[in-house]
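S.K.: Given the coordinates of chain A, assemble chain B onto it according to the supplied hints.
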Amino acid sequence: MLAAILSISALSALFGLLLGFAAIRFRVEGDPIADQIDAVLPQTQCGQCGYPGCRPYAEAIAAGEADINRCVPGGEQVIQSLADLLGVDPKPLDTSLGEPEPEPQVAVIHEQWCIGCTLCIQACPVDAIVGAAKQVHTVIEAECTGCKLCVPACPVDCIEMVPLRKDIEEWTWPYPTPTAYLPPPARADLLPDEETA
Amino acid sequence: MTGPIPGRQLWHFHGGLHLADHKAESTGRPVLDLPPPARLILPLRQHIGQIAEPLVRPGERVGKGQPLAAAEGYISAPVHAPTSGTVVAIENAPVPHPSGLDAPCIILAADGEDRWAEGLPDPVPDYRALDALTLRNRIREAGIVGLGGAAFPTAAKLNPPPRHRIDTLVVNGAECEPWITCDDMLMRHEAAAILSGVAIVQHMVRPRETLIGIEDNKPQAIDAMQHALNAAGLPDTHVVPVPTRYPTGGEKQLIQVLTGKEVPSAGLPAEIGILCQNVGTLHAVHRAIVEGVPLIERLVTVTGDGVAEPRNLRARIGTPFAELVAAAGGYTPDVTRLIMGGPMMGIAVHTDAVPVIKSTNCILAATPALTGEPGPAAACIRCGECARVCPVRLLPQQLYWYARARDFDRVQEYSLFDCIECGCCAYVCPSHIPLVQYYRFAKTEIWNQEREKARADQARRRHELRQARLEREQREKAERLARKKAAVQRRKAGGGESAQDAIAAALARVEAKKKARAAARDKDDGEGRD
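Quick note, the sequences are listed as chains A and B, same order. For the first sequence, the numbering used here gives the first residue as 1, with consecutive numbering after it. For the second sequence, the numbering used here gives the first residue as 198, with consecutive numbering after it.
Calculated directly from the structure, the hints in this document are not laboratory data. Even for Gly, the Cβ is constructed at its ideal location relative to N, Cα and C. Keep in mind that the hints are not guaranteed to be accurate.
Looking from chain B toward chain A, a few residues come up when the C-beta cut is under 7 Å (computed) [as the list claims (entries may be wrong)]:
{"id": "1", "residue": "A290"}
{"id": "2", "residue": "H294"}
{"id": "3", "residue": "S296"}
{"id": "4", "residue": "L298"}
{"id": "5", "residue": "Q634"}
{"id": "6", "residue": "Y635"}
{"id": "7", "residue": "R637"}
{"id": "8", "residue": "F638"}
{"id": "9", "residue": "T641"}
{"id": "10", "residue": "E642"}
{"id": "11", "residue": "A656"}
{"id": "12", "residue": "R659"}
Below, a sample of chain B positions facing chain A; criterion: calculated Cβ distance under 10 Å [stated by the list, open to error]:
{"id": "13", "residue": "P295"}
{"id": "14", "residue": "D299"}
{"id": "15", "residue": "D433"}
{"id": "16", "residue": "A574"}
{"id": "17", "residue": "A639"}
{"id": "18", "residue": "R657"}
{"id": "19", "residue": "R658"}
{"id": "20", "residue": "E673"}
{"id": "21", "residue": "K681"}
{"id": "22", "residue": "A684"}
Here chain A stands alone, though its shape is the one from the complex (with noise of 0.2 Å):
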């Protein structure tokens, strides 16, 4: 009786001390779930679902604090993409937070009528404005997440936002729909086969 109790006692104490250690050996800095939430957030910065950033809102869903509809720019396959990392069913977006572009957009600044405020280059949360003080601003349009938070900081509403240009290299063939398929451009007659080996 003795014996065991002992034993017992001797393998739990063991355990603790081998839980404790590893608990700050392998002791994993940053909140790794919220790091993958990140990961799939289109990073555009916009602020639509109410956080200040994609970060702070990946860190309310790891939190449980956010619901994972509210990514307004990452659209249905964002929450998709959300869902299977989750493990959770996916929801259809709140659009209450903002409806999402056909297409992506870029802010463009009006140069004739900026007036060197600032004020975009304060709200740009990438950078993607350049200029100073009395000098006019341009948008780095490889750089613009199109987050539209210049668009209302312009005093003088000189930024609007307009489609991204298309270019020839980032072209995706279509999806063949039964409507919309390009058949194989034009047909060969096949002979019969002669290898039979």
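M.R.: Only chain B this time, still in chain A's reference frame:
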């Protein structure tokens, strides 16, 4: 001399199709030299890789052969003026591309003089005088890309990683796709020049053996090449007729037929010691080195039931398709579509205003008899015909299921990127499923997702850097404020005495400055008087 050389073993690749070749339509008429058109459209990207950077401005007069745009980066190619004239514009114009979108082009108005530019590289009749690096640079500067259709910059292909020694040079004269005959005609008429190009590449990469593979439905080309080879006397070089079977002209398929070696999945022929070059490319290499002429023209087959007189034309790069069709007798009334390339792998172009580019081997004007009825696809019945004919031994059915379901991870597990888009699977599909279009959709969509991922990562990095900067600025501001506050507190704590001290010190400083200024003035005055 149409059978295989006695004693030379040939191999087979898996699958493939035996198609009616329709070569006779366009080989019956002699090759016609097409004069330069009045207006040439020269896309800045006619090759795989980085877009070329324009060197000229609108309004500039240029001579024939003058570089108009320079290669940007290693995998890129320059663009040359195919004739003399004036640069009219550098703008977006229609190009032969399945999207039908415009792309940046240099528009050149010909002056009709066809005058050579000055300062072109000198012809080098004896290429042996130059080393491989010099030759490679000249090939690069001549704007040569693979003329078989892929348009990969040739200079880069001729520079395999040093760990791969080139054992065999494979010369691709197979031209397996129906209707296309430009390589056939080139071999018939320019065999000596092609072999000169072969000799130059042999001098550069020093292969142990060179095999010139030509499909046995081109007896005249085989004869011409064999005669030229006998005359040139290149050592360890053989003309090898190969059985006619689509797609023997695919690089990896021809290598397999000639050597029995298989290029590894996602690998390059250099990894198994093989370099493959198209006959047209080698002809262009000869022209660039021995004659000093950059790539400004090429043979183009204009054929199909949709043109009156199918034939081959020697056309300047940049000539609109419409001019070539006109030179081939114009359209027949029942023409329905225009295809660049052959019926199996070509792309439908949206207008005949698009120009001939370096990779334009064929313009196929198709009639309904050729294009067939584009009807709705039926369901896949899992018959497995597609897997039987796939020359790469993929599982087209599985690729189709996953591409259709947009499951891009699984479709890559089934080696989507080894697919050469030869179209054999779609050809034999009894349900008429546009299989290749599914694969092309999946490939371009995967590339698109990779680009978007890279963009998102970049945005995340920039946002994080910005956050860090804002935090640092705020911290610095707080520290500055704290320092000031501390200074004020110190002064207050020190009492009035220290404040009076400070005033006294300031007054002393002002006094000292005044004295120094007065001294300087006196000195100046003194100098002025002297």
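S.K.: Just pull the numbers of the violated hints for me, sorted ascending.
M.R.: 1, 15, 20, 21 and 22
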